[in-house]
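Chemist: So you can see what is in the structure, the chains are spelled out below.
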Amino acid sequence: MAFSKKHILGLGELSAEEIKIILDTAESMKEISTRDVKKVPTLKGRTIVNLFFEPSTRTRSSFEIAEKRLSADVLSFSASQSSIVKGESLLDTARNFEAMGASIMVIRHGMSGAPFVLARQISASVINAGDGSHEHPSQALIDIFTIREKKGRIEGLDVLIVGDILNSRVARSNIFGLRKLGARVRIVGPATIVPEYFRDMGAEIFYSLEHALENVDVVIMLRVQSERKTLEYFPSLREYSGLYGLTREKLRLAKEDVIVMHPGPINRGVELTSEIADDPGAVILEQVANGIAVRMAMIYLVALGESL
Amino acid sequence: MGVLIKNGRVIDPSQSLDMVSDIYIQEDRVREISKRIDTPRKADTVIDASGQVVAPGLVDIHVHLREPGYEHKETIKTGCLAAAAGGFTSIVCMPNTNPINDNASVTEYILLKARTEGIVNVFPIGAITKGEKGDELAEIGEMCEAGCVAISDDGMPVTDSGLMRKAMEYVRPFGIPVITHAEDTGLSAGGVMNEGFVSTELGLRGIPAASEEVGVVRDIILCELTGTPLHICHVSTKGSVRLVREAKKRGVKVTAEATPHHFTLTDKLVYGYNTDAKMNPPLRTQEDVDAILEGIADGTIDVIATDHAPHSQDEKNVEFDLAPFGIVGLETALSLSLELVEKGIITLDEMIKKLTVAPSEIVGIERGTLVPGSIADLVVFDPGMSRTVKAGGFFSKSRNTPFSGWELKGVVSNTIVSGKVVFSRN
Amino acid sequence: MAIKKKIQPIEDGAESFFSGIIDDIPPERLSSLIVIGIKTRGEYLGKRLVERISERTGKDVTFGTIDITLYRDDFENRKNWPRLRRTSIPDDVQGKNIILVDDVLYTGRTVRAAINSIMDYGRPASVKLAVLVDRGGRELPVQPDYAGISIETLDNEMVNVYLEEVDGREEIEIIKEDGV
Chain Y
1 MAFSKKHILG LGELSAEEIK IILDTAESMK EISTRDVKKV PTLKGRTIVN
51 LFFEPSTRTR SSFEIAEKRL SADVLSFSAS QSSIVKGESL LDTARNFEAM
101 GASIMVIRHG MSGAPFVLAR QISASVINAG DGSHEHPSQA LIDIFTIREK
151 KGRIEGLDVL IVGDILNSRV ARSNIFGLRK LGARVRIVGP ATIVPEYFRD
201 MGAEIFYSLE HALENVDVVI MLRVQSERKT LEYFPSLREY SGLYGLTREK
251 LRLAKEDVIV MHPGPINRGV ELTSEIADDP GAVILEQVAN GIAVRMAMIY
301 LVALGESL
Chain L
1 MGVLIKNGRV IDPSQSLDMV SDIYIQEDRV REISKRIDTP RKADTVIDAS
51 GQVVAPGLVD IHVHLREPGY EHKETIKTGC LAAAAGGFTS IVCMPNTNPI
101 NDNASVTEYI LLKARTEGIV NVFPIGAITK GEKGDELAEI GEMCEAGCVA
151 ISDDGMPVTD SGLMRKAMEY VRPFGIPVIT HAEDTGLSAG GVMNEGFVST
201 ELGLRGIPAA SEEVGVVRDI ILCELTGTPL HICHVSTKGS VRLVREAKKR
251 GVKVTAEATP HHFTLTDKLV YGYNTDAKMN PPLRTQEDVD AILEGIADGT
301 IDVIATDHAP HSQDEKNVEF DLAPFGIVGL ETALSLSLEL VEKGIITLDE
351 MIKKLTVAPS EIVGIERGTL VPGSIADLVV FDPGMSRTVK AGGFFSKSRN
401 TPFSGWELKG VVSNTIVSGK VVFSRN
Chain X
1 MAIKKKIQPI EDGAESFFSG IIDDIPPERL SSLIVIGIKT RGEYLGKRLV
51 ERISERTGKD VTFGTIDITL YRDDFENRKN WPRLRRTSIP DDVQGKNIIL
101 VDDVLYTGRT VRAAINSIMD YGRPASVKLA VLVDRGGREL PVQPDYAGIS
151 IETLDNEMVN VYLEEVDGRE EIEIIKEDGV
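Chains Y, L and X are the protein sequences, given in the same order. Quick note on the working numbering: the first sequence kicks off at 1 and runs consecutively. Quick note on the working numbering: the second sequence kicks off at 1 and runs consecutively. Quick note on the working numbering: the third sequence kicks off at 1 and runs consecutively.
In case anyone wonders, no lab produced these hints; they're calculated from the structure. A couple of the hints might just be wrong.
Said to hold, decoys possible - Here are the simulated BS3-like pairs of lysine-lysine, each with C-alpha atoms no more than 30 Å apart in a straight line: (1) X:Lys6 to X:Lys59; (2) Y:Lys30 to X:Lys6; (3) X:Lys79 to Y:Lys38; (4) Y:Lys38 to X:Lys47; (5) Y:Lys6 to L:Lys316; (6) Y:Lys20 to X:Lys47; (7) X:Lys79 to Y:Lys5; (8) L:Lys249 to Y:Lys6; (9) Y:Lys30 to X:Lys79; (10) Y:Lys44 to X:Lys79; (11) Y:Lys39 to X:Lys47; (12) X:Lys6 to Y:Lys6.
Unchecked claim - Label-pair ranges, simulated between beta-carbon atoms: (13) X:Arg86 to L:Glu342: 53 to 63 Å; (14) Y:Lys39 to X:Asn80: 20 to 30 Å; (15) Y:Gly152 to X:Glu152: 45 to 55 Å; (16) Y:Ser15 to L:His72: 38 to 48 Å; (17) Y:Asp36 to X:Glu51: 25 to 35 Å; (18) X:Gly122 to Y:Ser4: 31 to 41 Å; (19) L:Glu294 to Y:Ser208: 52 to 62 Å; (20) Y:Leu253 to L:Ala189: 49 to 59 Å; (21) X:Asn80 to Y:Gly152: 27 to 37 Å; (22) Y:Glu232 to L:His72: 46 to 56 Å; (23) Y:Ser15 to L:Glu407: 55 to 65 Å; (24) Y:Glu214 to X:Asp74: 51 to 61 Å; (25) Y:Glu210 to L:Lys253: 51 to 61 Å; (26) X:Glu76 to L:Ala189: 26 to 36 Å.
Stated by the list, open to error - Far from chain Y by the CB rule (all over 10 Å, computed), these chain X residues: (27) Leu30; (28) Ser31; (29) Asp67; (30) Leu84; (31) Asp91; (32) Gln94; (33) Lys128; (34) Glu152; (35) Asn156; (36) Val166; (37) Asp167.
Every residue gets a Cβ at the ideal spot worked out from N, C-alpha and C, and that includes glycine.
Pulled out of the complex, with its shape left as it was, chain Y reads as follows (with noise of 0.2 Å):
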């Protein structure tokens, strides 16, 4: 089977095959950044835009190398010096970049579904890179991704998902994708931001970091996003991490060989302790190397269904 999405949207409309495919294809990709050219011609002459509504450093620099990995040209916008100020809407601004000849589009939005708006009405491919509280396919995958690597495999393994589930676009695409490679996947935080609702997503939902974390063989923490407002679902960080911070101690529940993981940036003492974010057993960096590799590989599969 070939991967045929012109769009990567996210992991609720994958398969789990295009999936594994996405996941292979990174690990030919990996091999790329270990050369002495870290570069390969395939999207010579190509434009690639990335749209990013919403700052984000980290996510926009892993797609800039990778698109640079792959001789692509690169264009980056982002709000800050936007016309979005001028009140222009999304689709204009995408068709203004359309009409440049970029042929795939990365966006990242604070609104949940904005990169379905480009997708229905533009030409170009779109890869979603985060889009309010929906989906963010590329952090999951990169999560999957080192979890495959570590684990040596996806199914039958237990993995907890930490914090602020109902704001989280991390949560839900590693949910969805995690589901559909066969994983068991249990979310913990307080009630008000771990919804009901996840159990329906094939979520087991715990309230104590303590029970939720025993046996399991991967921990995802979420970044407290003060910024999303999680702050209005429980009464102090204090409070929070608290209960939901995770210590070397509490992580003794676990697996002897679990790991750790954070999409980043870290809170450190809020989410972490710095001793855990530290630990040989957390691959927070590790994530970050993988980042660029999984990122290639759905710049280059996309590029592949892009007529079609």
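For this one, chain Y is given, so just place chains L and X on it according to the hints.
Modeler: For chains L and X alone, kept in the frame of chain Y given last:
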């Protein structure tokens, strides 16, 4: 001058009439209904309604006409055309124009425009509070005198219960009802669709059923307290249906409406971030739809109204969070209501009642009946004929409908207002 | 559309092809030699070559594989591109002598892509090309240093090599499509 409609199945719930007959209209009045009215009458127009239904012109008590202020979405003229094409002869329009219809001069403007440009009857609703801001009462008495048939802050529910109570008390002597868009905005704040599994998957902020139900409870209690008739707009949840049913059982003067989209569609339609599935109250779950159908069947829901809310393509063609709430409904309502008959939820007679005499009674207008001597507002439609909904062909200025492409039964052939054929389809 | 097939065996398991190559390698070069197989069938032929070298000289030669997909020049034809596989060159290629191995040499475009790819790993001292079948029809100035079999073919013919490791048989197949 006269119009003779022959051989139609005449259904008029106001006089428990359902039989194949002829109707003769002279000037602007219904003159005679009988088995056979022979020519030569002085009919300049003869309509052969064989195989079709002849009913009182439909009445929609929940329409947004957008004029003055938002003429790019709809004007009184285009809204009336859409109404006529959909079989509606009377439409009751909400006050959220710009300026808001919160004083008699705006009311008069709307009525004047409707008289000169509108082809169906337009009855305005006045705002409850000045500028629909929820701070102080609008000049309800003057608006009532100018022709407003009800008051409502539709879309901007009055959050201060004390003020809502005062409005209901104040309006009582004027004999017009209060129409409420029941919503506790603290519970729905920031919400853009039904709170549930679909909103969770899509990462969209939800509007819980509770936000409507808390509003319904409050307004029913204030209705009991004040004795002012209360009409609840667009009931969308199972809980609301239950609350209205219980209140009616207690004898509370409450009536309720449901829209075709709320009794037809569920929140699954939002998948793909379809902004034509964004309205307030939002599309709910199948369980809610089933409860509304039950409410329609047992009479808890008195009225079918459209909440016709036109928005331009550009306004809808944006991020889901940014898109305005609402869809157009005038040109699809009859067909979607006929589905209720097809599915055996209600009889054709009951359906027509909810679209004619029932809404007329709520807002106290002398419409929705074919009793000889009454104003001759009629619709002639073929309930069995199929058509494909094409938003591009709407008479409304806007195309924001989720029903485009649907194959629906029910085609309006003639719409008659005050004895004049204002719309006819060959 | 009629398809005409002609099948001929790979005689003696391509042994003479391999020994021709090995005879040509100066013994002092063995330590700086890297055999690189072009995926898919070049990889297996390359592996066989490394085995033969080891049998005859007792030396283990470095072996690598490349997938040239990312270096293809027919982006417009990308719908038919195969799934991407991993390139693996275990040693630094800087200053090394490389033998590039593939099953069939036709237009020369694959070899061009492979050479470009290798160059991204460093600057080898030399690159030689070994192909089991040279079917002619070059579109680029590429010639093999070692060719097992030369076959005259037409543009509307396809040449496929089947190997025991992947296909369970050892054959060269020439397919002619008529009436296209």
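Chemist: Each hint should be assessed against the structure and marked as holding or not.
Modeler: A quick look at each hint next to the structure:
no.	hint	result
1	X:Lys6 to X:Lys59	violated, 39 Å
2	Y:Lys30 to X:Lys6	violated, 41 Å
3	X:Lys79 to Y:Lys38	holds, 25 Å
4	Y:Lys38 to X:Lys47	holds, 27 Å
5	Y:Lys6 to L:Lys316	holds, 24 Å
6	Y:Lys20 to X:Lys47	holds, 28 Å
7	X:Lys79 to Y:Lys5	holds, 12 Å
8	L:Lys249 to Y:Lys6	violated, 57 Å
9	Y:Lys30 to X:Lys79	holds, 23 Å
10	Y:Lys44 to X:Lys79	holds, 17 Å
11	Y:Lys39 to X:Lys47	holds, 27 Å
12	X:Lys6 to Y:Lys6	violated, 40 Å
13	X:Arg86 to L:Glu342: 53 to 63 Å	holds, 60 Å
14	Y:Lys39 to X:Asn80: 20 to 30 Å	holds, 24 Å
15	Y:Gly152 to X:Glu152: 45 to 55 Å	holds, 50 Å
16	Y:Ser15 to L:His72: 38 to 48 Å	holds, 43 Å
17	Y:Asp36 to X:Glu51: 25 to 35 Å	holds, 29 Å
18	X:Gly122 to Y:Ser4: 31 to 41 Å	holds, 36 Å
19	L:Glu294 to Y:Ser208: 52 to 62 Å	violated, 41 Å
20	Y:Leu253 to L:Ala189: 49 to 59 Å	violated, 38 Å
21	X:Asn80 to Y:Gly152: 27 to 37 Å	holds, 32 Å
22	Y:Glu232 to L:His72: 46 to 56 Å	violated, 36 Å
23	Y:Ser15 to L:Glu407: 55 to 65 Å	violated, 31 Å
24	Y:Glu214 to X:Asp74: 51 to 61 Å	holds, 54 Å
25	Y:Glu210 to L:Lys253: 51 to 61 Å	holds, 56 Å
26	X:Glu76 to L:Ala189: 26 to 36 Å	violated, 52 Å
27	Leu30	holds, 24 Å
28	Ser31	holds, 21 Å
29	Asp67	violated, 7 Å
30	Leu84	violated, 5 Å
31	Asp91	holds, 12 Å
32	Gln94	violated, 8 Å
33	Lys128	holds, 21 Å
34	Glu152	holds, 33 Å
35	Asn156	holds, 26 Å
36	Val166	holds, 18 Å
37	Asp167	holds, 21 Å
Of the numbered hints listed earlier, those contradicted by the structure are 1, 2, 8, 12, 19, 20, 22, 23, 26, 29, 30, 32.
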